[in-house]
Every structure is written in structure tokens, then in C-alpha cells.
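Given only the sequences and the hints, what does the whole structure look like? Please build it.
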Amino acid sequence: MHAQIVLFDGFDPLDVIAPYEVLHAGGAASGGLVSVELVSAEGPREVVSGTGALALRATAGLDPARAGLVLVPGASGRVGEPGEVPDHDFGAGQRGQDEYIPVLLGRTLTTELPALLKAAMDAPDVTVGAVCGGSLVLAMAGLLEGRHATTHHMGLDMLDATGVHAVRARVVDDGDVVTGAGVTSGLDLALHLLEREVGPRIAHAVEELFAHERRGIVWRDRGPAAVAF
5 MHAQIVLFDG FDPLDVIAPY EVLHAGGAAS GGLVSVELVS AEGPREVVSG
55 TGALALRATA GLDPARAGLV LVPGASGRVG EPGEVPDHDF GAGQRGQDEY
105 IPVLLGRTLT TELPALLKAA MDAPDVTVGA VCGGSLVLAM AGLLEGRHAT
155 THHMGLDMLD ATGVHAVRAR VVDDGDVVTG AGVTSGLDLA LHLLEREVGP
205 RIAHAVEELF AHERRGIVWR DRGPAAVAF
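Here this note's numbering = 1-based position in the sequence shown + 4.
Bear in mind the hints are in silico, worked out from the structure with no lab data behind them.
Among the clues, some could well be false.
Estimated spans, in silico, between C-beta atoms of each pair [said to hold, decoys possible]: (1) 50 - 214: 24 to 34 Å; (2) 179 - 64: 21 to 31 Å; (3) 214 - 128: 30 to 40 Å; (4) 48 - 233: 51 to 61 Å; (5) 150 - 128: 16 to 26 Å; (6) 164 - 231: 18 to 28 Å; (7) 157 - 216: 12 to 22 Å; (8) 128 - 37: 15 to 25 Å; (9) 59 - 39: 21 to 31 Å; (10) 48 - 232: 49 to 59 Å; (11) 231 - 157: 15 to 25 Å; (12) 69 - 37: 16 to 26 Å; (13) 47 - 232: 44 to 54 Å; (14) 164 - 82: 19 to 29 Å.
We put the CB at the ideal spot given by N, CA and C, even for glycine.
If you want it as C-alpha cells, here you go:
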């Protein structure tokens with residue numbers, strides 16, 4: 005499995021680093037069955053996160069036709085409602101710093117990313133994943149309508165409003181779309197994908213390496229619905 009983790013201006017670093025480390029360790033534990041890289045819609049470039057001045061380098065452009073996994077992180081910034089704007093202007097080099105999260109997520113719609121993500125979702129051998137607000141990036145681009153997904157608990161209403169079947173769960177597996185809730189769910193999402201795509205022995209080895217036990221049951225649209233307690 006080859007994983008492409010997408011960087012965009014204002015991304016949340018933990019949404020990226022947590023699954024990157026899990027998947028990279030999965031590759032080492034499996035003798036190279038998993039590879040992972042950081043990409044952007046624009047191609048190789050330094051991408052500034054929404055946390056301080058931390059930047060990561062995308063080493064390639066997102067290739068939506070490449071088989072494997074495309075993973076979209078959320079944004080890091082000030083909590084606000086959709087449509088809110090910062091109460092002051094930012095100078096050069098400050099883009100993505102202390103801006104409202106909905107603004108950062110919405111800005112991705114002005115790039116080539118939505119078209120690339122649509123192509124990835126249309127590709128038969130690609131699984132698209134999202135951590136935290138990454139689900140909202142997909143939803144705002146109109147790519148999750150009618151699908152089951154989760155996001156940070158503060159964004160579930162917005163996710164539902166876009167026509168998504170929003171699920172309050174740590175990880176939601178909807179086949180070729182797999183989403184995680186809060187920021188640290190990137191660990192659990194990546195471990196689940198390792199188990200699903202490579203095998204439980206590899207996932208367990210990485211889980212032990214990181215001394216992290218996955219939280220919660222991975223939600224799938226299977227079996228009878230629960231009755232009221």
C-alpha cells in the first residue's frame with residue numbers, strides 16, 4: 005500500500021505526523037509492503053501548518069490515479085463558525101497562523117485539491133481517508149454526500165448539513181472512504197488501515213512499538229441497528 009498524505013496551507017501537524025509515523029513503521033515492520041509520502045496539490049513545496057511556524061515539505065504532487073491511500077488532514081487554528089474571518093490582517097509569512105479553522109478548510113476549495121480528490125475517489129484502487137477536519141474538506145467539495153463519515157465532534161453538525169451520514173465514532177470505515185474523528189484519531193485510523201490492508205500482525209507490532217492501544221470500535225454500516233437503551 006502506498007499512502008499519499010496531503011499538505012495544504014494551515015494543515016494540522018498531528019493529523020499528518022501521527023498517521024505518517026504509523027504507516028512508515030508499518031512499512032518497516034512488513035519489509036516494505038507500505039510506503040508513505042507527503043504531497044500537495046501544487047507539487048513539491050514547503051507547506052506552512054496552522055500551528056506556529058512549523059512547516060513540512062511536500063516531496064511530490066498528489067497523484068489521484070496511484071493505487072493505495074490518499075489521506076487528508078484537518079486544519080489547525082482558531083475555532084470559529086463557517087464564514088467567520090480573522091479580526092485583523094496577517095502580514096507576509098503569517099498565512100495560516102491563528103486563522104479560523106473554517107477559513108483554512110474553506111480555502112482548500114480555491115485550489116486544485118477538490119478536483120484531485122474527486123479523481124482519487126473515482127479511481128477503483130484508491131482509498132480516501134481523512135482525519136478530523138479533513139472530512140469537512142471532502143464534504144465541502146461535495147464528495148461525501150450519502151456516505152458515512154466522522155470528524156471532530158465540533159464539526160459533526162456541519163458534516164451532517166452537507167448530506168453526509170455523520171457518525172459519532174472514533175473511526176468510520178465506509179469501504180473506500182475511511183475517516184477519523186479528533187486529532188489523535190489519526191493514530192487509530194492508520195492502525196486500522198494497516199490491519200485492514202496488510203494484516204493484524206503488522207498492525208499489532210506497530211501498536212506495541214508506539215505503546216498505543218486503539219480506542220473504540222471501528223464503525224461500519226453492517227448488522228442490525230441498535231435499539232434505544
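Structure-based check of all given hints:
1. 50 - 214: 24 to 34 Å: holds (27 Å)
2. 179 - 64: 21 to 31 Å: holds (26 Å)
3. 214 - 128: 30 to 40 Å: holds (32 Å)
4. 48 - 233: 51 to 61 Å: Cβ of residue 48 to Cβ of residue 233: about 52 Å, so the range 51 to 61 Å holds.
5. 150 - 128: 16 to 26 Å: Taking Cβ atoms as reference, residue 150 and residue 128 lie about 19 Å apart, which means the hint holds.
6. 164 - 231: 18 to 28 Å: Between residue 164 and residue 231, where Cβ atoms are some 22 Å apart, the hint holds.
7. 157 - 216: 12 to 22 Å: holds (21 Å)
8. 128 - 37: 15 to 25 Å: Because 20 Å falls inside the window, the suggested range holds.
9. 59 - 39: 21 to 31 Å: Roughly 23 Å apart at Cβ, these two residues keep to the hinted range, so it holds.
10. 48 - 232: 49 to 59 Å: holds (53 Å)
11. 231 - 157: 15 to 25 Å: Holds, at about 24 Å.
12. 69 - 37: 16 to 26 Å: holds (21 Å)
13. 47 - 232: 44 to 54 Å: About 51 Å separates the Cβ atoms of residue 47 and residue 232, which means 44 to 54 Å holds.
14. 164 - 82: 19 to 29 Å: Once the Cβ atoms are compared, 23 Å apart, the range 19 to 29 Å for residue 82 and residue 164 holds.
The structure agrees with every numbered hint stated previously.
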